[in-house]
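Could you build all of it, start to finish, from the sequences and the hints given here?
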Amino acid sequence: MMKKKNISASKASLVLFLCQMVSALDVPLDSKLLEELLQPPTIIQQSPKDYIVDPRENIVIQCEAKGKPPPSFSWTRNGTHFDIDKDALVTMKPNSGTLVVNIMNGGKAEAYEGVYQCTARNERGAAISNNIVIRPSRSPLWTKEKLEPNHVREGDSLVLHCRPPVGLPPPIIFWMDNAFQRLPQSERVSQGLNGDLYFSNVQPEDTREDYICYARFNHTQTIQQKQPISVKVFSMDSLNDTIAANLSDTDIYGAKPVTERQPVLLTPTGSTSTKVELRGNVLLLECIAAGLPTPVIRWIKEGGELPANRTFFENFKKTLKIIDVSEADSGNYKCIARNTLGSAHHVISVTVKAAPYWITAPRNLVLSPGEDGTLICRANGNPKPDITWLANGVPIAIAPEDPSRKVDGDTIIFSHVQERSSAVYQCNASNEYGYLLANAFVNVLAEPPRILTPANKLYQVIADSPALLDCAYFGSPKPEIEWFKGVKGSILRGNEYVFHDNGTLEIPVAQKDSTGTYTCVARNELGKIQNEVQLEVKDPTMIIKQPEYKVIQRYGQVSFECIIKHDPTLLPTVVWLKDNDELPDDERFLVGKDNLTIMNVTDKDDGTYTCVVNTTLDSVSASAVLTVVAAPPTPAIIYARPNPPFDLELTGQLERSIELSWVPGDENNSPITNFVIEFEDGLHEPGVWHYQTEVPGTQTTVQLKLSPYVNYSFRVIAVNEIGRSQPSEPSEQYLTKSANPDENPSNVQGIGSEPDNLVITWESLKGFQSNGPGLQYKVSWRQKDVDDEWTSVIVANVSKYIVSGTPTFVPYEIKVQALNDLGYAPEPLEVIGHSGEDLPMVAPGNVQVHVINSTLAKVHWDPVPPKTVRGHLQGYKVYYWKVQSLSRRNRRHVEKKILTFRGNKTFGMLPGLEPYSSYKLNVRVVNGKGEGPASPDKVFKTPEGVPSSPSFLKITNPTLDSLTLEWGSPTHPNGVLTSYILKFQPINNTHELGPLVEIRIPANESSLILKNLNYSTRYKFYFNAQTSVGSGSQITEEAVTIMDEAMASRQVDIATQGWFIGLMCAVALLILILLIVCFIRRNKGGKYPVKEKEDAHADPEIQPMKEDDGTFGEYRSLESDAEDHKPLKKGSRTPSDRTVKKEDSDDSLVDYGEGVNGQFNEDGSFIGQYSGKKEKEPAEGNESSEAPSPVNAMNSFV
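Residue 877 in this note's numbering sits at position 877 of the sequence shown; the count goes up by one each step and never skips.
There could be a bad hint or two in this list.
Said to hold, decoys possible - Straight-line C-alpha distance at most 25 Å; calculated SDA-like pairs for lysine to any residue: (1) K705 to P826; (2) K920 to Q185; (3) K49 to P807.
Hints listed in this document are in silico derivations from the structure and should not be mistaken for laboratory results.
In structure tokens form, the structure reads like this:
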């Protein structure tokens, strides 16, 4: 007898479902298979039932469907056929049913109001969409009215009525002043749900003339403004002063001071009112009271409590908000307004009705010819909805008869179906508050068997581990699967094999002799097919020589061995780790084939070293500790790990306990602190040692607790301060008797992988936890909060079970109980799981964008109803992208950006926007399955910003008194350029800046000639662009005007004149004569008396040679002057003989006849050091930085 079992965790990915089924016929999602199978149409995308469109944009009515053959599409409008070929403004997208109404080419949105319905049809049936009501949004103007000023006495209540125009959808109301600032609200002043502004009591500071009510229409992105309302508050003091000034002394006047008043409700009026709300919506109840002091509002529910986690208070507790209401929220809600003088209350009777909602929606049905099946359509609501059926879009009462079909209320029963029974059925559940429409097809297929697993697929496993051989198949009727081993082998049967429903063959414990060819045969009444796969069973990888504990002295050398044994067909890789991380990048670490060597060991090498061996099929590892100790200065006591214990003995054997004793080994000069006892289960995990317990180092016996059905061996490890000893030799084996399991699997979870399933997983019991042979699990589940019985199934020793055909994302109670051949484990605990998530159904609504500045915006949206999330809410994603720059008006490649906001957040910031640009965004809700539909694209614009710097600034065509400037516009104008700002100033020889001149240049200019500049002068320019927001960053540049050519030429000509050469020769001759005279007079000094010589040479500084020859003395002073020469002070004038006195080293190429356009460095360094001239200074100056010239020497003699 073949043993069957549901698919385990490791094979869950082998079978994917084409659609939700209620029969046993599953269609794998194989692309080649799906291309060949016929399928009725399925609507996969459609517009919302109530579709409000922007009258300024094209209307897009979505209708997408899939099927085989591809379906054709048709539409009805207001119940009659809509011939789109007769309307030039209406087109249908290719290979789609989506309609596009071209409003932007002259169409009127109002002309296309109505109820639309799409039909997708092929030879297998017809699916229909919801009734899609198209309405254009409206934002009417405010009706004109004459508003009288409101004169109110201090302390009285006041209501300012808004009465906004009726729009579609209704507008959002807010109050602001003339400066577009929101009016502050508080417990005393607040806006009601109807948009009116309520004052519980007025104060003098409420006096103002600009109370303005605004209505914002989101669809058309328009804001309408009501005429300003004036409020004048009269205080008692001012009123008394006014009366006193207008009455005589004999008149009696007076006014009551501001009196406190007990609360009175402004809204709602009366003592009771009623409210009807629909299930799943948000319930809003409001109470606003007048009174002085300002009343405080409190809410209660009569006869019950306000629902926890769904109740919120808004508008200073004047509004009670309950989200996701249900019928249980019906009842009387009382608001109580209280101040120090008393209280007032109002009771609101709330009735919660319900539009239809699904209990069991009909699911697609795939059947084989001759099979039976049912379509079930169950819905609830208040009042209870009516259920009607349609076949291929036609009421089933007038649809063509089908003898295999029988309608029984909310169920259609099919018996002995044939291929002609294929059709699409629609279930409509409706009451006065709405309707639900669901399509579900019946697809009757007759297909011979097909095997989808590739032929001769090779499977490799390690010996003693499970082997899973796939045989993915399809056929209609469902084929029978058989497995054979070898070419002429017999059919596989027996407990050593497990046969899964999806065709997979499982060999729970593969051995070397399991290697071979396995044949899968699939057959039904239409045919037979087979496929072969190969199985290879490999030897496990083992470490036969493990690294051992080492104690090494600092700066020594240590080696760890790691010798392995592996299957010869597998290629192992060996990796060494230190403290579970990569080895340090250090040349001291040498990795060999079978060892790791560490040279020149240091303290930081202390740690745990692990040898990890990996193959494509398995992985093993072994570790050892390295302890680094200081080298002893002299021979000392050697401390080491203890020797292993020996002579292990087992006594006092019982079913659940045994006594172990041993003899300690040598402690090696470090006392044993404790013993660690480990055990091996030779029955389930031979070769694997587990921690059992540990005892103090003074104890050599221990009483050990045992588990049933375990073949025990024990070993003992001694521990001292140095480390752990090697394990002792194992004790003799002891096999305990079998028993019921003591515990159940842990970590039980229920998480769906598809919208229609529930994947139950758990951590399997270890072998020694099974307590006996035949370990299995009883998996039980039932839908939470529904009066269902437990459904149970017993599976083999796996860790996953998949429940198919579940509703989408509903809670389930789950429990998994262990059992073996002797019985069950104790009753397990129940856990809560959820069936699979599906994509969210709706997009976030009321998306609003508030532009904060030119680069930052804030987006708001309303949260989606929890029931539409259909999964665990993970957050919202905002997609936004730049449409175009408003300054350039050129569209560019759209690069969408995505921001994710976790949790139930309803707003977020959009940073990094580009100024003066048009953006679009939409918002999507995200659950564990993925993203929901996008909200309608929201357009917003960023304001202008300051521009970037001009792209370049070039200065050309220098002349004596002018420079030409050319520039490029900013790369990012960030708005409309209004002008350019040019600032410049001269720079003198000492790099001091002159006065700054500013020029404003029109934005359409790209060059400018600056005139009336000083010649041979360096200027620094600062240039930037401006928008209406302000100035952008500036670009700087420097340039120099040229020198007068005539002056440069005149300076050069002086040095070439004959008279100048002659003068220089005369000066040289005169100097030579003076030197000769001086030499002769010095030689005559020997005829002087000794005293005269001493007097003559006593001190050259006190007795200069000028006394003997004034001219010579004058010459020496000239040399000193040349050495100590200083520049002229700022403002010194040129002498009358036009000779320029030296100021700085002003030598330049111009002075040496190279012309006015000498070769200077690009950065102007040569100019700044050698040719800088003071402002308004003549350009003659033939100065030099060398020693004084003969011309200057001659000037000194004159």
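Checklist line | Pair hint K920 and Q185, alpha-carbon separation not exceeding 25 Å | finding: violated, 32 Å
Check: If you draw a straight line from the CA of K705 to the CA of P826, is it 25 Å or shorter?
Finding: holds, 20 Å
Checklist line | Distance restraint between K49 and P807, which requires alpha-carbon spacing of 25 Å or less | finding: holds, 23 Å
This entry does not satisfy hint 2, going by the numbered hints stated previously; all others are met.
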